[in-house]
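K.L.:
Using the sequences plus the hints, can you model the full thing?
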Amino acid sequence: AQKITQTQPGMFVQEKEAVTLDCTYDTSDQSYGLFWYKQPSSGEMIFLIYQGSYDEQNATEGRYSLNFQKARKSANLVISASQLGDSAMYFCAMRESGNAGNMLTFGGGTRLMVKP
Amino acid sequence: DTEVTQTPKHLVMGMTNKKSLKCEQHMGHRAMYWYKQKAKKPPELMFVYSYEKLSINESVPSRFSPECPNSSLLNLHLHALQPEDSALYLCASSQDGGRVGGEQYFGPGTRLTVT
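Residue numbers (this note's numbering), protein chains in the order written: chain A, 16 to 131; chain B, 131 to 245.
Heads up, some of the hints might be wrong.
Said to hold, decoys possible - In silico EDC-like links for lysine to aspartate or glutamate, alpha-carbon gap of 20 Å or less:
hint	chain 1	residue 1	chain 2	residue 2
1	B	Lys170	A	Asp101
2	A	Lys130	A	Glu30
3	B	Lys170	B	Asp226
4	B	Lys170	A	Glu76
5	B	Lys166	A	Glu59
6	A	Lys88	A	Asp70
7	A	Lys18	B	Glu188
8	A	Lys18	B	Asp226
9	B	Lys139	B	Glu214
10	B	Lys171	B	Asp215
11	B	Lys149	B	Glu214
12	B	Lys171	A	Asp101
13	B	Lys152	A	Glu59
14	B	Lys168	A	Glu59
15	B	Lys171	A	Glu59
Because the hints were derived from the structure by calculation, they are not lab data.
P.N.:
This is the structure in structure tokens:
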């Protein structure tokens, strides 16, 4: 079974609107971390936001927030007030505590396209 | 400073060549990683170095040989590659091995083409 599932291969959003990118995960660990990365066409993976499994509040970083629903095992990324520069590939990733070497498990990604 | 640098940005090599990819970070991170990423796919982990020792090799063919000369540098030596090895090679680093919350910072990648 896939550990990280991103069900939206591609999405469009109008500039200045909010958009939610879905991510569900599968783990039996109690302690784990969830990450979102942005990858523009240039190739660099840019760290956006982190949510720990024990964090009670949803993480926020500027225009990015993470809608963490532990019981449903979902960690959706919300981008508010979309900008043209937000057009990129977005990856959800997880690190489990039982996992040696800090391995990140990535989802398949969602390509976001912001329309002017 | 959260910068990871990689050189070269682009590399074209023949199947009989030997080349090296370089990665550098000055954030004091003690874990460094090599990933391979094919087009429209997520990154796939190749190697992990923790405190300058190889801790994970994800069954990578021996034509890829990693090296960690010191805590700031990571190399990937390439020899006798195949055309299917053409990909974006990403280097990353993180603080240490213990915490689930240690985010990895990635470099801009090297786009490798094997002819």
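K.L.:
Could you tell me which of the hints above the structure violates, numbers in ascending order?
P.N.:
The structure breaks hints 3, 4 and 8; every other hint is satisfied.
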